[in-house]
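Student: My request is simple: use the sequences and hints to build the entire structure.
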Amino acid sequence: MTVSSETPLIVRHLGLQDYSTVFDAMKAFNEKRNAETADEIWLLEHHPVFTQGQAGKEEYILLPGDIPVVKSDRGGHVTYHGPGQITAYVLVDLKRLKIGVRDLVTLIEQALVQTLAHWHISAAPRRDAPGVYVGNGDKIASLGLRIRKGCSYHGLNFNVSMDLSPWQRINPCGLGVAMTQLADLVDEPPTIEQVMGKLADSLSAGLGYNAYRSGDSDALLHELT
Numbered sequence: 022m023t024v025s026s027e028t029p030l031i032v033r034h035l036g037l038q039d040y041s042t043v044f045d046a047m048k049a050f051n052e053k054r055n056a057e058t059a060d061e062i063w064l065l066e067h068h069p070v071f072t073q074g075q076a077g078k079e080e081y082i083l084l085p086g087d088i089p090v091v092k093s094d095r096g097g098h099v100t101y102h103g104p105g106q107i108t109a110y111v112l113v114d115l116k117r118l119k120i121g122v123r124d125l126v127t128l129i130e131q132a133l134v135q136t137l138a139h140w141h142i143s144a145a146p147r148r149d150a151p152g153v154y155v156g157n158g159d160k161i162a163s164l165g166l167r168i169r170k171g172c173s174y175h176g177l178n179f180n181v182s183m184d185l186s187p188w189q190r191i192n193p194c195g196l197g198v199a200m201t202q203l204a205d206l207v208d209e210p211p212t213i214e215q216v217m218g219k220l221a222d223s224l225s226a227g228l229g230y231n232a233y234r235s236g237d238s239d240a241l242l243h244e245l246t
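Under this note's numbering, read the sequence shown as residues 22 to 246, first letter to last.
Don't take each hint at face value.
If you anchor each label on the Cβ, the simulated ranges turn out as follows [what the hints assert, rightly or not]:
id : residue 1 : residue 2 : range
1  : 45        : 212       : 22 to 30 angstroms
2  : 34        : 91        : 17 to 25 angstroms
3  : 171       : 139       : 29 to 37 angstroms
4  : 189       : 68        : 30 to 38 angstroms
5  : 231       : 79        : 30 to 38 angstroms
6  : 84        : 244       : 14 to 22 angstroms
None of these hints come from the bench; they were simulated from the model.
Values in this document were obtained by computation on a predicted structure and should not be read as measured data.
Note that CB positions come from ideal geometry on N, CA and C, so glycine has one too.
Tutor: Given below as structure tokens:
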């Protein structure tokens with residue numbers, strides 16, 4: 022699958038952001054887009070927050086403490102976002118790409134597997150629980166999407182170099198799995214910017230784009246919220 026160069030992929034680096042601000046911006050982007058709107062990937066980190074997906078049960082939030090809990094319209098259960106974790110929001114037109122939801126989930130998971138392989142980390146998805154897991158079964162990345170008008174928003178969380186202790190305050194995905202991060206699996210951890218770059222390359226290729234261009238990020242959230 023190769024996408025016409027007339028519809029370029031745009032990748033935006035948004036820095037450290039409040040979850041609710043970006044959540045509102047994603048919904049606004051999805052509502053405003055049309056058949057000519059370019060697909061986008063937003064790469065960022067969030068201030069600490071627990072998000073409760075559509076399948077998330079209250080009992081999965083064990084001890085939130087001072088970390089806010091936000092209900093989200095994405096698929097999935099309960100997850101944690103925080104600094105040192107890459108969040109990638111995948112805003113694509115599935116009809117134009119001629120893919121289904123399962124295809125999108127698979128290519129996101131494979132992009133994560135390929136990114137980890139760059140640092141010689143063996144990882145794989147699980148059929149019974151979306152996300153990516155390293156060899157000992159610990160989870161390193163989570164997925165959650167929403168499809169509206171044939172287009173996706175939300176995306177993935179990828180633990181790179183973060184404080185993992187907040188994960189102990191929830192039951193992520195309702196499975197009781199242990200969480201890990203890239204920094205604990207390599208001798209010389211890369212910067213989060215290096216990992217973002219490799220992930221953007223893998224996602225772009227998986228979506229069928231030969232290249233992507235950087236988008237102006239400064240005004241984006243102001244325009245959409």
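Student: Work down the list of hints and note, for each, if the structure agrees.
Tutor: Consistency of the hints with the structure:
1. 45 / 212: 22 to 30 angstroms: 29 angstroms, holds
2. 34 / 91: 17 to 25 angstroms: Roughly 22 angstroms apart at Cβ, these two residues keep to the hinted range, so it holds.
3. 171 / 139: 29 to 37 angstroms: 32 angstroms, holds
4. 189 / 68: 30 to 38 angstroms: 19 angstroms, violated
5. 231 / 79: 30 to 38 angstroms: Hint violated: Cβ distance 45 angstroms, outside 30 to 38 angstroms.
6. 84 / 244: 14 to 22 angstroms: Given about 38 angstroms between the Cβ atoms, the range is violated.
Checked against the numbered hints given earlier, this structure breaks hints 4, 5 and 6; the rest are met.
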